[in-house]
Amino acid sequence: MFDQLNAMLLQAARYLDGLASSTALHESYYLYAWIETTHVLTLVVFLGMLMVIDLRMLGLGFRSVPAATLARWLDRPMMIGFAVMVVTGIALFYAIPVRTTQSLWFRIKVVLLVIAGLNALLLRRYVSDTAQFWEHQGRPPAGVRLSAGASLALWAGVVLCGRAIAYDWFDCHKTLPGLLYKVAGCVDELAALEAAGG
Amino acid sequence: MVDLLPWFEWFDQSALATAAKAYGGVFVVVQMIHLLGLSLLGGMVLLCDLRLLGLLLRSVPLSAVARETRRYFTIGLLVMITSGIFMSGAVALKLYYSEMYWAKMTALLVGVLFVYLIKFPLLRHPGVELNRVARGLLASASLGLWFTVAATGRWIGFS
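So the protein sequences, as listed, match chains A and B.
For what it's worth, numbering that gives the first Met the number 0 labels the leading residue of the first sequence as 0, then goes sequentially.
For what it's worth, numbering that gives the first Met the number 0 labels the leading residue of the second sequence as 0, then goes sequentially.
Okay, chain B solo, but in the shape it has when bound (with noise of 0.2 Å):
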């Protein structure tokens, strides 16, 4: 297994991460705009996966559900990834020794491979029709790990 140390001892001394622990102000903004891309992102998790399980928006085709909510969901990854990257360059050694943080890098790696390989390729064509048991899987599958990616994220703050 590579160590990744070197990589966070660079990244702690770099200029991002200078800016990110001077600035409190900005920081607190950049913390704002995390959690309106976690909103973005698991309000769209939410609608696509209820919409799966047959509790919201029935009459509206899940393809059409599916284009929707893919391109807001691909807009706030997007935000949470670049405010994420600016946020741990105040605390880059701290979170190379939480676990907290590698359980979160584990799910988010887990869960975007999974929405972009398997939720929204099956979900893609308006003719395929998934029967109930797999749309309850994959809305289960899919609303269990993004909750373990937000919890786990909030705990690194606690830890």
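Only chain A is shown next, with the shape it has when bound in the complex (with noise of 0.2 Å):
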């Protein structure tokens, strides 16, 4: 079934590279740059957010502002930053869409991106239930540390691999074992190693 997956990913990605929107974006010097460039200073706005509210969460800074109110506040610059940073990274994938989809980095990046959306919403739900008993604490409960600080780990994880889609290491044209070809989507060169008994 992942094979498939990796099949109809793969088709997909080389459907959107033969678009001539895609080829023109990828080869526009200036325009990709600045997508990139926004790509990354709007972490200052997204991340810079989210390192208040989970700092606060930790306990670590900002103690005399209760800890809910402080993430109400910052939930709207957080949110436009995430925003921006997920249309400027569609535009990222779609000038370069075959590379990307075949990128062992992407796809831990988007398994974290997955796992970081997911812990942020049960912090979420847990805060509005439960903040009214502690958010004056300087040190909030156990469980919302834990989840803060999973979500400060969780986010430098998506920071190193998007900085490591950059580098091909683990492209599809490089000698690879089976099993990271397999993981990266390389469906032909899976498909030719296994051809010749590897």
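These are calculated hints, taken from the structure and not from any lab test.
We put the CB at the ideal spot given by N, CA and C, even for glycine.
A couple of the hints might just be wrong.
[To be verified] Simulated restraints on C-beta separations: (1) A:Leu179 - B:Leu129: 54 to 64 Å; (2) A:Gly142 - B:Val132: 26 to 36 Å; (3) B:Lys20 - A:Ala152: 52 to 62 Å; (4) A:Gly148 - B:Leu136: 30 to 40 Å; (5) A:Met78 - B:Val109: 23 to 33 Å; (6) B:Val127 - A:Ser27: 43 to 53 Å; (7) A:Ala82 - B:Thr73: 25 to 35 Å; (8) B:Pro5 - A:Tyr166: 30 to 40 Å; (9) B:Leu129 - A:Met78: 25 to 35 Å.
Given two chains presented individually in distinct reference frames, assemble the corresponding complex, making use of the accompanying hints.
Below you can see the structure in the form of structure tokens.
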């Protein structure tokens, strides 16, 4: 099933790659560079606000402001930053669809994003249900601190993977073990390796 | 004007530079640390400046926001300088000849002086209230300066 999914993803990526606007975006020096710059600099808005919230949830800063209140205030700028990152991220993917689809780092990044999103939903629900009992304390309950710590670690992983996409260490054209071809979705290379009896 | 080329040549041959060139995996981790430092530093600049503009945290005293953001700003700055020195080892000579690099360093120097000699000293005293125009000017100067530092920094990679 995983192989079929990989084949479908590759087919979709090749379709996007065949579109004129995808090629134009890839080959435009300034537009692509500006989109990438916007993507990276918006980290300041999104991750910057997220760090403030998580530091407060960890009890490490801004302790004079009630935790849930701070999170509510910073939610909008954080989500504006996140929206900009998603839009620019989709544009970056659209410019280089095939290589990105087959990027091990991009795939790990997507998985981490999903986990970070689930963690954020759980934390958000827990905070909105229970904050009245603890939000004025400097140090929130252990579960909240654990979730905030996990959030920081997960987003660090997302940044790491995002940065690593630029490097070709595990690109399909390299000679890799079959498992990595499979995980990265190198459909043709995996088929060739299996045909050769690897 | 003192020519810094010998320093860059020395740095290019140092053990640190050799390590930065040899280990791509380490380099990416340091880049991640640099970006996390950017998020922390930039987040603090943004938070304090949006408070100055009256767009966020209006009910929290300005001096309290300044005190908290100053602490994490300094941590972010130290993280960025440390990781930045390591990264520059990999491309020391390229940086010496890069206009964007010198633009960034100039903006960074101005930014650091502005933050520690003008911005935070003005906000230190709980009783002293700046008027709206002064707050707006302070926030705009700060946002403009740090945007320049970050954007020229990103552009080093493209040039």
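These are the hints, each one checked on the structure:
Distance hint check: the CB atoms of A:Leu179 and B:Leu129 are about 57 Å apart, consistent with the given range 54 to 64 Å. A beta carbon spacing of about 46 Å between A:Gly142 and B:Val132 contradicts the range 26 to 36 Å that was offered as a hint. Between B:Lys20 and A:Ala152 the CB atoms are about 29 Å apart, so this pair departs from the stated range of 52 to 62 Å. Hint check: A:Gly148 to B:Leu136, Cβ distance near 38 Å, so the stated range 30 to 40 Å holds.
Between A:Met78 and B:Val109 the C-beta distance comes to about 32 Å, which sits within the given range of 23 to 33 Å. With their beta carbons about 50 Å apart, B:Val127 and A:Ser27 fall inside the hinted range of 43 to 53 Å. Checked against the hint of 25 to 35 Å, the pair A:Ala82 and B:Thr73 passes, with Cβ atoms roughly 30 Å apart. A hinted range of 30 to 40 Å holds for the C-beta pair B:Pro5 and A:Tyr166, which are about 32 Å apart.
Judged by the Cβ atoms, the range 25 to 35 Å given for B:Leu129 and A:Met78 holds: they are separated by roughly 30 Å.
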